[in-house]
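Q: Listed below, chain by chain, are the residues.
2 protein chains.
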Amino acid sequence: MKKFSIVGKHVPRNDARAKATGTAVYTDDIKLPGMLHGRILRSPLAHARIVSIDTSKAAALPGVKCVITGQDIPKVKYGNWRLFPDTQDEYALAVDKVRFIGDEVAAVAAVDLDIAEEALSLIDVEYVELPGVFDVDASIKEGAPVLHDYCPTNISVNRKIHYGDVEKAFAESDYVREDIFTVHAVSHAYLEPCSSIAQCDLDGRITLWTSTQVPYIIQCLLASTLEMRENDVRIIKPFVGGGFGGKMELRTWEFCSAFMAKKTGKPVKFTLSREEEFLAGRRRHPMKLYSKVGFKKDGTITGKDFRVHLDGGAYNAMGPTATFLCGNFGAMLYRYPSYSFQGEHIYTNKPPASAMRGFGAPQAIFATETQMSIAAEELGMDPIELRIKNAQVSGDKIPGVATISTCGFIEALEKVAQMSDWKEKRANPKEGRGIGIGCYSFISGGAFNWFNTQYPYSAAEVRVFDDGTAHLLTMAADIGQGCDTAVKQILAESLGLKMEDIRITSADTAMTPQADLGAWGSRLTLFNGNAVLNAAEKIKAKLFGAVSARFNLNVIHEFECKDGKVYPKGRPDRGLTFGEAVGLVQKANRGEPLIAHGYYTPRDKGLVTPAFSFGAQVAEVEVDKKTGIVDVKKFWTAHDCGTVINPRAAEGQLEGSIQMGLGYALSEQFIMDGGKTLNTNFLDYKMPNAMDMPPSEVVHIETYEPEGPMGAKEAGEGLAIPTAPAIAEAVFSATGYRCRDLPITPEKILNAIEPRERPKSAVK
Amino acid sequence: MKKFSIVGKHVPRNDARAKATGTAVYTDDIKLPGMLHGRILRSPLAHARIVSIDTSKAAALPGVKCVITGQDIPKVKYGNWRLFPDTQDEYALAVDKVRFIGDEVAAVAAVDLDIAEEALSLIDVEYVELPGVFDVDASIKEGAPVLHDYCPTNISVNRKIHYGDVEKAFAESDYVREDIFTVHAVSHAYLEPCSSIAQCDLDGRITLWTSTQVPYIIQCLLASTLEMRENDVRIIKPFVGGGFGGKMELRTWEFCSAFMAKKTGKPVKFTLSREEEFLAGRRRHPMKLYSKVGFKKDGTITGKDFRVHLDGGAYNAMGPTATFLCGNFGAMLYRYPSYSFQGEHIYTNKPPASAMRGFGAPQAIFATETQMSIAAEELGMDPIELRIKNAQVSGDKIPGVATISTCGFIEALEKVAQMSDWKEKRANPKEGRGIGIGCYSFISGGAFNWFNTQYPYSAAEVRVFDDGTAHLLTMAADIGQGCDTAVKQILAESLGLKMEDIRITSADTAMTPQADLGAWGSRLTLFNGNAVLNAAEKIKAKLFGAVSARFNLNVIHEFECKDGKVYPKGRPDRGLTFGEAVGLVQKANRGEPLIAHGYYTPRDKGLVTPAFSFGAQVAEVEVDKKTGIVDVKKFWTAHDCGTVINPRAAEGQLEGSIQMGLGYALSEQFIMDGGKTLNTNFLDYKMPNAMDMPPSEVVHIETYEPEGPMGAKEAGEGLAIPTAPAIAEAVFSATGYRCRDLPITPEKILNAIEPRERPKSAVK
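Chain order of the listed sequences is W and Y.
Using the working numbering, you'd call the opening residue of the first sequence number 32 and step up by one each time.
Using the working numbering, you'd call the opening residue of the second sequence number 32 and step up by one each time.
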């Protein structure tokens, strides 16, 4: 393992002080002179044709400055899958139909929020209600209501993967396991609701401050929907209070604030209420997963057939990527000599599902892991042994999809078994207690160019100065995950500087270098880190040359930048300070500042990702058999994220992941009445809070990923995957209740363990 | 002359709409959360030793957050002449002595301005008054009070130029003319008083928004006085309401806002009152000029001896440059076969004089021009003929100083004579009317690196995009003179784009490329324009290569960028749109954006400037012999500023220059009582306003300056020079009163024409 000075250290986060002192400026904190406040009118119906909209009363209300409907805006559909324009199915405001309760119908901008709210109530919309469809089975039935004219089947995306001969594999298997799993929608529940504020300058250019994960994508899509040129639109990301996949698409309020700012000449701000976020916000895809896996007697897997119906809600959103990734994640973790996947993304009259931490993996891997545990049980094997037997290892190839470079999966399995005292606890179970395992693999950023960008995937500009400082510019979006800190560490390590020597400017599309695809798919440490390293290497080449010339050194010398100095390797006494070396390069270039641009695009890395993380988690639970309440006693996690850039940040990711996994497994769900979300606040939507967090132990299985910057891979999303299957397996071992339909509610446990004694629950 | 599409056109200024609509944000318009308001305590004495300062009562006043004196700050002297640290003679707050009435003694930051003002009155300063000295003659006398210990002579800068044998020249002359001239101080009187606001971020970095001409200089000097690293300081120039040389140094309020922001953790704003500006603000140097010129009978000049005492006030400020330039300007306009100059910059107990539009030239050339007119009179020659006889021409060399490349001086003299009907009006003078001529030459930016910058003098970054737009980034400061517009025109012309295709970001030291020395010496059109062109050439080389490869063209083809297209010269049908060509380059670079940096530093251009402007102006006046009031009837100007980039902007410069020249000649002066400025408001300081402006006609004598961007030279300062001598000569021809001591007041005229009938004026 390489020795690092700053990488691998508990460096305080770049944003820590601003957040701790309350001086961090989020989008809603921005106040511009003359600013108007916007509100959105949403559909009360799940499926309806719009006959007419009368905005005259609203427009006449004193203080209202602008009212718009789908009739007032350019008829440009958008969606993140620009490479396949067919998938772009959304208008900023409904043009002819509404397709879910909460669908955006009109927008108002007024001098204050109360007036804007009152104006909404004065807009008359005449609808003709249409029959709706609320689950995937109903939606794909012959004669089901059709949501989009272009898509009479309601199946908007279809993804297939096949390799090996699955049928033959099953025929030759000793044991074939077949299950159907269903997983539910959960909310990102980021603490900062969506917010955006737009200003139109006197040349007609738009600046939009917005709470987003993807400034560049918003720039492009906003320009296209406004029918403007990309570079006449500038996106600035202020501090962001979480995204988790929920802020990676152009959204109605972003368009409306810009469009209305252009129309009124005044800044326009929209900030969503928590109720709107829960009622109509993006959410994790509910899925129905059909999984069939063949085994030999000794536990060796022969093949897998995996079919998934994604409940996409009313629009595609990031559904195409989820469909795509679902198939990939179905092929991960274990060696499947043959594999057949079919994923279908299906429209329903519900709020669109989209990307959410894990992006298809929490669902696919819940099925994989639960099924592995069932199989182990039936094969009479230890679940961890069965996993080790089939575990993917470094160099494994998934035909047509990916090659796994580094893989610490087996070590993680062994380590987590040891940490959790797995064998002992399995051998001598305590009454009401159970222990279970869940595993994961995740991508370190996406390789497939669905956005059809013309730019490198990540970019960085590094300027260095003779005062010993550096300025790092990148369009990458720190949304609280800490990427500003990570890339500063990488740059500091590479140039031998301290954290405080580096100024960072990020996520401003007009000022930072083109481009960065955004914060999703756990891509930024690897992608942006590589771009930063690429720039740093160019800087170092110049510095090394200058020092070499200054001391007239033999050309075979290698150099290093360390502790603020630049010197021939092994001879720290012989060299210059970083600032002196920069000054020398500058002098040699007759004063020109020393600047370098770095880029990274994964090439020849398949369609999925350049690097996979792996890990395993054990949960121990105690189940109260009278109430059905699950109490998670502890988590043990061993994970391979390559080089850990910032251990404290990685542990923060683990904490957050466990919190999300806990909610996904046990308490969070949208209570729906047809297309209507009933629990639209934090009292009724039961997200675990800090007090609910069980203790946790973690071991980093460090590998050195050759494609990652200083050996790093992802640590931000994968960890959100294993918690639900680990809890489900632990609940099974405590109670005998085997969950195939998340979440694991007390009702389900009680119904399973004492089915005849209890009335049937009214809650689904 | 080359044909241009956008250069040479009446393009609206970049800042016009924002200023016309009132949306332009000046420094004082910026309001930051928690902002404190600063005020400065100034010395009531012209010269005194500070015995003690008690700030305890002020600090105890509720609402006061910070009080500082010279004892609280790092003892770092500053000044713009970093190359000669001896000239750096100023502390941000007086440390031991005060040296003029208005010298900065302490500063207060409070929650509002009233409290800050009240706090000033609570600061007790104990002074020991010292004898003061208020003019150059007194200051250099043996035994005069000494202002700075390091400088017992009170002469802080001494500049000598000698070439040829002046004594021999005088000996061989038929006629030797010797005069003493005195010129007075005037105010820049920019409409926006100085203002700055600083914020210290949680990493300790400073951002300072300030009304300045020189962001980069402020960055460096502020960092040095705060004992910080240069790049931990960021300077942003908002809209600026005029500078004219008065905003090109680090000033007390800039330091104090930054220092106090660091100390309090809150933003601190200082905005000067008009009274402070007049009482203690920088001003044009008063000078005493001794000029001796030898002539042959036919008017041929044989030599010149020129000695100048600059009244610098209490600190050097930009006095070293004024001293330096004064000697250079003394050698301009006419061919002096021999020349001897001695300039001395002398301390007095008055507000420091500094740079002001013309920078040494209005004073030196008032002497030159008045003396030429006197000589013409005495030699019996027409003043214009005498000038033409001796006029400098293209290729003239001033030994050791400069080579004049382009020079339209003789054409300007001929043209202005014709425009003004000079011969006819001289031959047949009307009663009370007179006509006079004044000429000028000026630099197009300074070549001498007195700031000792390590960077190129000007820099530009140009980013181009496949949507057909460009983004120009430059640290150059538009202070109302229009340089943002000029360089946008130059870039648009070079790349064949429209003005609206170009976004410009300027004057932000953290975001725009290092460096630019600022807006002074009429440098930006030539210097920054050249940097922009240099970047544009690099962009074009790539575009041309891409088009050549795309169409497989013969390597001998030249290309052009015009009308949004890139094509082989003469074949506009065969090429690509600008955006397509950019996209092609980008594709060839695997997505990397097309960015270029351009730089300009004058090399091998002597110590003065790469290019000189020239011009001549005729004024016609009517003098009321009863009141002595001068009514200027009209100005005719013919000037050579090379290619006129923006005719309307150039005319705006002429209008502004005439307004300043008119005030300098006739109405503006500081009324001083010892060291005290008595007229500290616009009622008592008589600056001509729009209603006072005479009609004016102008002809541009276009030359094509090879060192200038698209042939351009300066047009911003030179025009401020000829007005005073032209009026003085016209007044002489109307009244017989020959002015050798500006301004030309009614008293002086009346005293001259009816000396015995009038009481002696009480006003100097």
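Be aware that a few hints might be false.
Stated by the list, open to error - When the alpha-carbon atoms are kept at most 30 angstroms apart in a straight line, the in silico DSSO-like pairs for lysine-lysine are as follows:
(1) K569/Y <-> K573/W
(2) K62/Y <-> K293/W
(3) K573/W <-> K573/Y
(4) K62/Y <-> K50/W
(5) K454/Y <-> K34/Y
(6) K328/W <-> K454/W
(7) K106/W <-> K529/Y
(8) K596/W <-> K293/Y
(9) K106/W <-> K88/W
(10) K636/Y <-> K50/W
(11) K40/W <-> K293/Y
(12) K636/Y <-> K618/W
(13) K108/W <-> K106/Y
(14) K293/Y <-> K529/W
(15) K294/Y <-> K297/W
(16) K62/W <-> K294/Y
(17) K297/Y <-> K529/W
(18) K297/Y <-> K62/W
(19) K297/Y <-> K297/W
(20) K294/W <-> K529/Y
(21) K62/W <-> K573/Y
(22) K40/Y <-> K293/W
(23) K569/Y <-> K297/W
(24) K529/W <-> K779/Y
(25) K569/W <-> K593/Y
Claimed, not checked - Below, a sample of chain Y positions facing chain W; criterion: calculated Cβ distance under 7 angstroms:
(26) P105
(27) E258
(28) P487
(29) M542
(30) H588
(31) Q617
(32) E733
(33) Y735
Don't read these hints as lab results, they were simulated from the structure.
Every residue, glycine too, gets a C-beta built ideally from N, C-alpha and C.
Q: Taking the hints in turn, state whether each one holds.
A: Hints and how they fare:
Between K569/Y and K573/W the alpha-carbon distance is near 21 angstroms, which keeps this suggested pair within the 30 angstroms criterion. Among the hinted pairs, K62/Y with K293/W is consistent with the structure: their alpha-carbon atoms are about 24 angstroms apart, no more than 30 angstroms. The hinted pair formed by K573/W and K573/Y meets the criterion: a straight-line CA distance of about 23 angstroms does not exceed 30 angstroms. Pair hint K62/Y plus K50/W holds up; C-alpha atoms about 22 angstroms apart against a cutoff of 30 angstroms.
Note on K454/Y and K34/Y: the hinted pairing is violated, with a Cα-Cα distance of about 36 angstroms set against a maximum of 30 angstroms. Between K328/W and K454/W the alpha-carbon distance is near 22 angstroms, which keeps this suggested pair within the 30 angstroms criterion. Note on K106/W and K529/Y: the hinted pairing holds, with a Cα-Cα distance of about 28 angstroms set against a maximum of 30 angstroms. With a C-alpha separation of about 29 angstroms, the suggested pair K596/W and K293/Y falls inside the 30 angstroms cut-off, and the hint holds.
A hinted pair counts as satisfied when its Cα atoms are at most 30 angstroms apart, and K106/W with K88/W qualifies at roughly 25 angstroms. Between K636/Y and K50/W the CA atoms are separated by roughly 53 angstroms; this puts the pair beyond 30 angstroms, and the hint is violated. The hinted pair formed by K40/W and K293/Y meets the criterion: a straight-line CA distance of about 29 angstroms does not exceed 30 angstroms. A C-alpha spacing of about 20 angstroms is found between K636/Y and K618/W, which places the hinted pair at or below 30 angstroms, so the restraint holds.
Straight-line distance between C-alpha atoms of K108/W and K106/Y comes to about 63 angstroms, which puts the hinted pair past the 30 angstroms bound. Restraint check for K293/Y and K529/W: the C-alpha separation of about 21 angstroms stays at or below 30 angstroms, so the hint holds. Restraint check for K294/Y and K297/W: not satisfied, since their Cα atoms lie roughly 36 angstroms apart, outside the 30 angstroms limit. Under the criterion of a C-alpha separation no larger than 30 angstroms, the hint pairing K62/W with K294/Y is consistent with the structure, at around 26 angstroms.
A C-alpha spacing of about 26 angstroms is found between K297/Y and K529/W, which places the hinted pair at or below 30 angstroms, so the restraint holds. Distance hint between K297/Y and K62/W is fulfilled; the C-alpha atoms sit about 18 angstroms from each other, no more than 30 angstroms. At most 30 angstroms may separate the alpha-carbon atoms for a hinted pair to count; K297/Y and K297/W meet this at roughly 29 angstroms. Between the alpha carbons of K294/W and K529/Y the distance comes to roughly 24 angstroms, so the proposed pair stays at or under 30 angstroms and holds.
For the hint pairing K62/W with K573/Y, the CA-to-CA distance comes to about 43 angstroms; that exceeds 30 angstroms, so the pair is violated. Taking the CA atoms of K40/Y and K293/W, the gap is near 29 angstroms; set against the 30 angstroms cutoff, the hint holds. Restraint check for K569/Y and K297/W: not satisfied, since their Cα atoms lie roughly 39 angstroms apart, outside the 30 angstroms limit. The suggested pairing of K529/W with K779/Y is violated, with an alpha-carbon distance near 68 angstroms, which exceeds 30 angstroms.
With a C-alpha separation of about 35 angstroms, the suggested pairing of K569/W with K593/Y is violated against the 30 angstroms cut-off. The interface hint given for P105/Y is violated, since its Cβ lies 17 angstroms from the closest Cβ of chain W, which is over the 7 angstroms cut-off. The criterion of a C-beta within 7 angstroms of any C-beta in chain W is not met by E258/Y, whose closest approach is roughly 12 angstroms, and the hint is violated. The criterion of a C-beta within 7 angstroms of any C-beta in chain W is met by P487/Y, whose closest approach is roughly 5 angstroms, and the hint holds.
The criterion of a C-beta within 7 angstroms of any C-beta in chain W is met by M542/Y, whose closest approach is roughly 6 angstroms, and the hint holds. Against a cut-off of 7 angstroms between C-beta atoms, the interface hint on H588/Y is violated, since the closest Cβ of chain W lies about 27 angstroms away. The beta carbon of Q617/Y is positioned within 7 angstroms of a beta carbon in chain W (closest approach about 6 angstroms), and the interface hint is therefore held. For E733/Y, the shortest C-beta to C-beta distance to chain W is roughly 30 angstroms, which exceeds 7 angstroms, and the interface hint is violated.
Here the hint on Y735/Y is broken, as its CB sits about 27 angstroms from the closest CB of chain W, past 7 angstroms.
Hint violations for this structure: numbers 5, 10, 13, 15, 21, 23, 24, 25, 26, 27, 30, 32, 33, all remaining hints satisfied.
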